[in-house]
Structure formats: C-alpha cells, structure tokens
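With the hints as a guide, bring the two chains together.
Respectively, the protein sequence lines represent chains A and B.
Mapping the first sequence onto numbering that gives the first Met the number 0, position 379 (from 1) lands on 378, and the numbers just tick up by one.
Mapping the second sequence onto numbering that gives the first Met the number 0, position 186 (from 1) lands on 185, and the numbers just tick up by one.
Keep in mind that the hints were calculated from the coordinates and are not lab data.
One thing to keep in mind: the hints can contain errors.
Stated by the list, open to error - Derived list of chain A stretches under chain B, where covered just means 3 residues or more per stretch with a C-beta under 8 Å from a C-beta of chain B:
| # | region |
| --- | --- |
| 1 | 62-72 |
| 2 | 225-231 |
| 3 | 247-260 |
| 4 | 298-304 |
As the list claims (entries may be wrong) - To spell it out: a stretch of chain B is covered by chain A in this simulated footprint if at least three of its residues, at any positions, have a beta carbon under 8 Å from a beta carbon of chain A; those stretches are:
| # | region |
| --- | --- |
| 5 | 11-22 |
| 6 | 99-105 |
| 7 | 167-176 |
To be verified - Some chain B residues judged to face chain A by a derived CB distance under 8 Å, without partners named:
| # | residue |
| --- | --- |
| 8 | Glu-8 |
| 9 | Ala-79 |
| 10 | Arg-80 |
| 11 | Asn-124 |
| 12 | Tyr-128 |
| 13 | Asp-189 |
| 14 | Phe-190 |
| 15 | Thr-213 |
| 16 | Tyr-215 |
| 17 | Gly-216 |
Backbone N, C-alpha and C fix where the C-beta goes; we use that ideal spot for every residue, glycine too.
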Amino acid sequence: MTRLLNRNTRYLLLILPAILLVCSIAFFFLLKMQVHHLQKEQLFLKQHNVLNRFKDEDLDTVFSVKGEFEIIPVNSPVSHEENIIGDTLMAYATHHPPESVPFRKLTTYIRRNNKNYQLTTFVSSEETKHLFIMVFSIQGFIYFILLFTIIIVNRRLSVVLWKPFYHTMNKLKRYDINKNNDLALDAKTGIGEFDELNQVASQLIARNQQAYQSQKQFVENASHEIQTPLAIVRSKVELLMEQPAINDKMAELVSEIAAANDRLSRLNNTLLLLTKIDNQQFIEQDDIRLSEIINLQLSNFEKQYVNDLPVIRKEIQPGVSLVANPALIEILLNNLIKNAIIHNIFNGYIHIILTGRQLIIENTGPVLDIPPALLFERFRKGNDQAKHSSGLGLALVKHICDIYQYKISYTYNDQIHRLEVTFS
Amino acid sequence: MKLLIIEDELSLLKSITDYFSKEEFLCEAACCFEEGIKKIEGYDYDCIVLDISLPGGSGLTLLQYLREQKKEEGVVIISARNSLDDRIKGLNLGADDYLTKPFHLSELSARIKALIRRKYSNGANQLDYNGLKIDLAAKAVFYNEGYLQLTRHEYDLLIFMITNKKRVISRQAIAEHLAGEEVDDLDSLDFVYSHIKNLKKKLKEKGCEDCIKTVYGFGYKFEI
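Next comes chain B alone, as it looks inside the complex (with noise of 0.2 Å):
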C-alpha cells in the first residue's frame, strides 16, 4: 500500500510516516504545496494524508486539482480547524474522511483503512485475521466458524484494535473513537475498561483466549 503524507508540520509528519512504516505501507512525505502537487503528478498513491494550511498553497486547492486529474486516491484531510463549514468543503471537493488535530494515531490508522477497504475491497467486505472472520456488511464477527453476538460499541472497538492490531492502543483513544471527541474527564473511561471486559468474555468463550493484552500505563494490544 502507498501512502502519500502531505503536512508542513515535519515533527508530526515523522511521527505519521513512522507509524505507518512498521506495517505493510510504504510511506512518501511532502512538506508543501509545491511538493506534494509534484508527488501527485508523479505517481499514483492508495491514500492521501493532506494537511489543510500548507506553505505555497491550501490543502483544498490541491485536493481540487488532484478530482480534477481524476484520480481516485483516497483523501483523509488533517486539520486543526474543526469548523462544520470546513468540513462540508472539504467533503465536497471529494475527500473521503476528515480528522482534526490533535488525532491520535490508532484513529488515523484506522480511518486509512477503512477507506481502503472501502475503495479496493470489490465487493469481499471481509476482514481476516488469524481465524477472526469479520464480515463488514453484515456487521458478523466469527471466530473458527464460531458466531460472536457483540453489541454496536463492542463491534466498533473490535474493529479498531483489528485495524490497529499487534500496536498499542491508548484508553483515550478508544475512547474517543466510541464515544466521539466530546469524552472529557478521565472518569469516564471506564466505560473502555468495562467494553474490554464484556468483549474479552465474549472472545474468550468462543476460544479466543488473551488475544487483548493490557498494556501497563498505556491501555491495550490486540494480537492473536
């Protein structure tokens, strides 16, 4: 998979392309307009991270021009303005997600390849993964043939430590990701730790023993 990171930014841009680099993704950086415009025209990518206010030029403006060379890269925009009105335009000149800054990883992660399999997945909307069978459309996970009944948060947490197996997630992450941005005082992530619990239970009877791991201080690991 080729990921194309656009984002001034070079500390978080470092941070973007190492994360990526340890799984099967293969990561170009641009730093600005110029940069970037040239990387589009250059070679063909399966997403894009795209930074709003770059140096030499907007986000958007090179988000348009690449709809109008009618690529079909995926666009995940990274913005630190979190205006409705914002989104909207950006939405409409053809991305397909929208972050705000502060993200944390995991969820960026996550959000890349949900597009991905959106866009290449040519109708097999299955995710694989040691014996855990997930099938998209249906919302049906199966572990060895075995049917796993998840409420909704249970299903998306699932989701989101498959997509970010083998890597540590934090509570705060998950949090975010289940519950949106507005999860604010620390209390109430124990609504994480209660959704990890039922999950694991749910996992483990049907023999998928220790497959999330607590990661002491940080939160959890998902490996099977």
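In isolation and in its complexed conformation, chain A is listed as follows (with noise of 0.2 Å):
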C-alpha cells in the first residue's frame, strides 16, 4: 500500500513531464514556423531592395555578393514559378575551421530588356539554429525547475493539509470502548472534508459508546436481579429441609435443587464480577506481596481440598511484588491455582513457579479437547471430569491479564499443561 503522499508524488513525475513534452514539441513547430515567416519576410525584403538597385542597369554578367544575393543571365526561366524558397549550404573558407553554412534563400526570375535572369537572395539559418538550442535549453532548464517546484510544494502542502487527518487517525487507533475516554476529535480543522469526518467518527463512536454502556449496564442489572430470586429459592430450600416429613426420595431432589442453585448463584457473581471489572470498578491499587499471597493461597488450598489435593511443588522467589488492585491479584492467582487443581488428574503434581518478572503454573492432566485458543473464552469448558466448574475461571484470568497488559500463555507439552503470566 502506497501512502496518498507517494501515490500524489508518483502521478505527477508521471504526468507532468509527459504534458511538458508535448508542451515541448508544440512549442517548436510552431517557433520553426514562426521563424521561417520570419525569414521569408526578410528574403523578400531583400529581393525588392536588390531589384530597386539594378532596376535600369544592364547585366551581362554574374552578379552577386556571397551570403546576400546573385544575380545570373539565363536563357530562358527554368521555372514558371515566381518566388521559389529553398535551403542551401555555402562554404566558408574563411571561417576557422572552413565550414558549410546554412542558408535559406529565394529565387525568382526576371525579365529586362528582352533578357531573362536568375536573382537569387539569401539569409542565413545559423543564427536561427543558435536561437533553438538557447531557447530549448533555457525551456528545458525552467521545466525542470517547474516540476521539482510543484512536487515539493505538493509534499510540503499535503503534509499539512491532511495533519488533521493524521491526527484523527491516530486518535481512533488509541481509542479503548473500555476506557471510556472522550475521544476529543477537532469539530474546526478549517477543512469542510475532514470536520465532517471527525464529526461522523464522533457520533459513531458516541453510539457505540452508549450500546456498550446500555449493555454492560444491562448485564449488571441482569445479574443483581437474579440475586433476589435466588434469594428466596434458597430460602425456600432451607425451609423445606426442616419439614419434618421429609422422606429419603424428596431429601435428594431438594438437595439437588439446593445444589444446582447454589451453582447458579456462583455463576451469576462470577458474572457480576466480570462486568464489575468492565466497569472499572477495581481502580485502587497497592503494593502486593506476591510470593506471601502464593504461599498464604496455596495453604489455604490444602485446607479446603483435604482429600485429594495434587502434590504441590514450589519455586517461589521471595519478596516479588507488584503494584496492582489486591482483589483482582487475589482472584487471578485463586483461579490460575485452583484451575491447575480441578483439572488434574488422580497422583498428579502442581508445579508453581514465581520469579521476579513471571508466574508459570504447570500441571499434569488429561489432553485439552477444545482448541488452546479458545481456553480463555467465556464458558469454555475443556474436559469433562470438572462440570462443576463455571467455565469462567480462565475467562476472568484473562480478563485482568488484559487489564494489567500481562501476557498470559499456555502450551501443553507430554501431559503438562503450562500457563504462563508474564508481568509486564
């Protein structure tokens, strides 16, 4: 792709000397023309005045001056034409180095006392010759001014004449939907195009804006009004685990409306959280002690799975810190933890590595089923063994990775499934 700047520079090296050239040769006939009207003028200007000169003299003989004219007795007109213009060359002996010179002349034949004569007059091409070559070399030198002129003037021009366009650019280039930042685009560049441009980018830009809103806005209601009917299901639950009459049979089905929304209701905070961090609503920062928060999750880790906790390997560099939102660290090191724990398989091991600069957890378990790429995308779940799972632990990783500009990666290699935050 060709920058406007290189493509406008490129059709007028292009065109303009093509212009230039028929300009040129134009030029020349018509200066050719021009200059032989000239001559012929001349000539016969000269032919009258030798006419005037010898008009009542007898000539016998041949009579002339070289370069200006000659008169020679004939016996009869070679032709009927009065006025013949023809070119001729004459020898110069006396210029150095001897040379032919160029002539234009004109000859007519006359008639006088019963004897017919041949005049001939003469001026010379030489100079006309010089006057072409200076014309055309000054014409060649002043077009090659013209086209450097006009291609630099152009550059200069289109340099400023489009800045606002750059600038427009570049502001839609560093525009975030999430930053919710006004993008502040020029409504007076002084060029019609380019405000009605900005103006354009804004409202579209002002409507997506507000889209985005509603429906942020929308899927946070969404999940705050669901928490009241969970609210009351759960309570209902429990009332209904105290009736006395409860048998067996009916104490399962409860216990499993209890448990699916319990999950529900897990599901629908995960939710909330997600739009709360859309909704930049973790904006404080602290300085957070990393290796002591590993440390202080992976213990409490060994409390909660009492039974079947995979063997934990630790490479932990004392005394990494970050500066970040503590509730958000809190959640990404928990999900990145917990996740190497649920997908693991039975006598499996954890491998969590934290050096000054990166986070890598490892961890044994089954072939991934969906493709790598999609591991981070909402609901994805990748193996069947862990369906009590949300499907938005890696999501929300993700999520604040994007925030913080952490890379996150993940390669699976030989039954290891390694994923790797790299702080910036």
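In structure tokens:
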C-alpha cells in the first residue's frame, strides 16, 4: 500500500513530464514556423532592395555578393513559378575551421531588355539554429525547476493539509471502548471534509459507546435482579429441609435443587465480577506481595481440598511484589491455582514457579479437548470431569491480565499443561 | 427478642419470618419504606434486617433516619448489590453487618445472633448450651469443664452450629461460612466433611456424643 503522499508524487512525476514534452514539441514546431515566416519576410525585403538597385542597369555577367544575393543571366526561365524558397549550404573557407553555413534562399526569374535573369537572395539560418538551441535549453531548465518546485510544494502542502486527517487517525487508533474516554476530535479543522469526517467518527463512537454502556448496564442489572429470586429459592429450600415429614427421596430432590441453585448463584457472582471489572470498579492500586499471597493461597487450598490435593512443588522467589488491585490479583492467583487443581489427574502434581517477572503454573492433566485458542473464552469448559466448573475462571484470568497488560500464554506438552503469566 | 424485617420481596420476607419465628424471635415485617419508618418510630427492636432497594425510598436513607433518631438497634443489611462501595456506605451509615443476596438463612441467623450477643451481652461474653460452654472473648470451649482444643475453623464451625442449633444446616452454608463466598465448586465441599469429622471426634473425646447428626442429602444438625 502506498501512502497518499507518495502516490500523489508518483502521479505528478508521471503526468507532468509527459505534458511538458508534448508542449515542448508543439512549441518547437510553432517556433520553427515563426522563424521561417520571419526569414521569408527578410528574403522578400532583400529581393525588393536588390531589384530597386539594379532597376535600370543591364547585367551581362553574373553579379553577386556572397551570402546576400546573386544575379545570373539565363537563356530561358527554369521555372514558371515566381518565387521559390529553399535551403542551401555555402562553404566559407575564411571561417575557422572552414565550414558550410546553412542559408535560406529565395529564387525568382526576371526579364529585362529581353534578357532573362535568375535572382536569388539569401539569409543565414545559422543564427536561427543558435536561437533554437538557446531557447530549448532555457526551456528545459525552466521545466526542470518547475517540476521540482511543483512536487516539493505539493508534498509540503499535502503534509500540512492532511494533518487533521492523521491526527484523527491516531486518536482512533488509540481508542479503547473499555476505557470509556472521550475521543475529543477537533470540530474545526479548517477543512470541510475533515470536519465532516471528525463529526461522523465522533457520532459513530458515541453511538458505540452508548450501546456498549447499555449492554454492560444490562448485564449488571440482570445479574443483580437474579440475586433476589436466587435468595428466595435458597431460603425456601432451607425451610423445606426442616420439614419433619420429609423422606429420603424428597431429601435427594431438594438437595439437588439446592446444589443447582448454588451453582447458579456462583455463576451469577462471577458474571457480576466480570461486569464490575469492565466497569472499572477495581481502580484502587496497592503494593502486593505476590510471594506471600501465593503461599497463603496454597495453604488455604490445602485446607480446602483435604483429600485429593495433587502434590504441590513450589519454586517461589521470596519478596516478589507488584502494584495492582489486591482483589483482582487474588482472583487471578486463586483461579490459576484452582484451575491447576481441578483439571488434574489422580496422583498428579502442580509445579508453581514465581520469579520477578513471571508466574508459571504447570500441572499434569488430560489433553485439552477444545482448541487452546478458545481456552480463555467465557463458558468454555475443557474436560468433562470438571462439570462443576463455571467455565468463567480462565476468562476472568484473561480479563485481569488484559487490564494490567500482563501476557498470558498456554502450552501443552507431554501431559503437562503450562500457563505462563508475564508481568509487564 | 424482637426482630424487624424490611424487605420488599414478599416471598423472601415470608421465608425470613418463618425461619426466625421458630426460634425465640418475635418477627415484625415491613415491605416498603413508609411501613418501615412507621414501625421504627412506633416500636423498639433488638435487630433490624434491612433491604437496600425498597419501594418508596432507599434502605440506606431509612438507616440514616434511624441513626438520626438516636435509635441503637442492630442493623443487618441484605442487598443484591455486592460492591465494596455499597458495603462501605452501609457500614458508615451505622449498619452492623452486610450480607449479600443470595444468602443462607442459617448465615443470616448466625450474623443476627452474633450481633445481638455483641450488643446486649453486657460483658458476659459466654455461650451456654446444655453443658457446652464457650468463652467468646478467649475463644475457649469447654464441655462439662473439659477443655476442647479446637482449630480456628473448628471453633468457627462450632459457633455456627450452636447459633443454628436444632436446625438443618446445609454443607454449602457451612462451606461459605468458613471459606467465604468464593467457594465455587462442589468438589471442595469435602473440607466441610473433614472439619465436621474432626469436631465430632473432639466432642466425643469429652463425652459429648452424637451431637452433630448427618441429615441425609442436606447437611448437618446440631443438638445436645
């Protein structure tokens, strides 16, 4: 793709010389015509003068002045035409070096005292040749200057004229709908088209922003509205559990309702969390001692998963810290570690490595049955065994990484899942 | 004990009143802002359960009004909004506790009872139940003068069970009470089972047998 500026220059470089060439050719022929006309006038004037001078004289012999005229007696007129114009060369031995000089000549036949004469007058073409060379070299020079100036001026002007355009484009490039910042495009650039462009772009963005906001608002409101019915179901289930006349079959049904309801409320909570992150409700930042938090979380998990916790190998560099929102980082770490625990195999292990700029969590586990690229998408569940997971854990992790511009990558090699978070 | 429940969702309101009426509570219900104000002005309560979004006005305004009237009732806010801001706003306005919907009734009960204990214990910070004696300040548990060495989780679990004695407590409610709301997969409920098992063993050692009963399908029931 060529930039507008270069394309403009290229067109000018192609078209301008062509036009200049055509014009030059036309100019050459016009000039030549004009010069011939001039010479003709001169020749006729000279002929007139010579005839006047020799009006009453008899001329028996050849009479001539070299380069001016010659009168030759002839027996009969060679041609019936009165005036014949032509070119000729005349040798000048006196010139240094000796050379032939081009002349334009006018030949006519006159009859005097029953005698025929041939009268030829000459004008030199040498000077017109010089004129041509001079005129065209000056013209070439002027053309060159003109071309150069036009292109330079054009480029300079383009840069100035397109400035508002590039300005707008840079702002659009940096625009992030999540950040909800006003684009503040110039309303008055001084150029109608760009004003219009900015206006249209501003309107488009305002509309998108609005749609995005209302969508976020909708998710948040919906999640909040769902909380109350969930609370009702939960309370009714609890009251139902206390009914005296309940049998085992009923108890099983009720407990399944309770479990499904609990799952729904956890899911809803996670969705709420996602919208809260989107709505930037986690702005406060603090210095977070990463090493300590990871150790603390690991011991919490040990308490929680009493029976089937995989072996945990730690290589945690002490004293690692970073600045971020503590709640978000806790969610990030919690989800990553839990992910490694849940999607593990019997007798598996987890390997956690923390360095100053990287957190690597490796765990044994069955092969992923979804493409790794989809791993961080919402509601993507990997393997069947984790049917209780919400499918939002890693989506949350990705979301938090995006906010702080941490790089997260996933690789699978020889039954080892490896998640790598690189802090910027 | 008098309890006022201000909640606009009638079904939930009924659940709460049903649950607490089974215990030593006298429950009054209000389902909108106006009714809530009227009840607060007319009577004194030991504890108020307050929803934030009410028809006719915000629960927070009601709370503010209550504190301006120099009324000292304990207030537990129940709200669908779980943001830190709402929580801080509520607590700053003089709420004693903040519970996010959906909550377990057993959790609400534990919070209310803890609140009432704090407010009206007059220094006698002790829980007694059929020979089980808990010094809440020292976090020490005795059964018939025998000292029980409990871990923090076991202690919390025991308090939770005593405050919900003779009631069915679901495993999920226990899990959330002990680990916070982020308990989010059912596999991890195993830790509830293991804590219960340990607590049972320690109680049995001091002669308190079969006080924690497993209720099939649901969870547990504490009774001595």
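Problem set entry | Numbered hints the structure breaks, given as an ascending list | When the structure is compared with the hints, numbers 1, 11, 12, 15 turn out to be violated.
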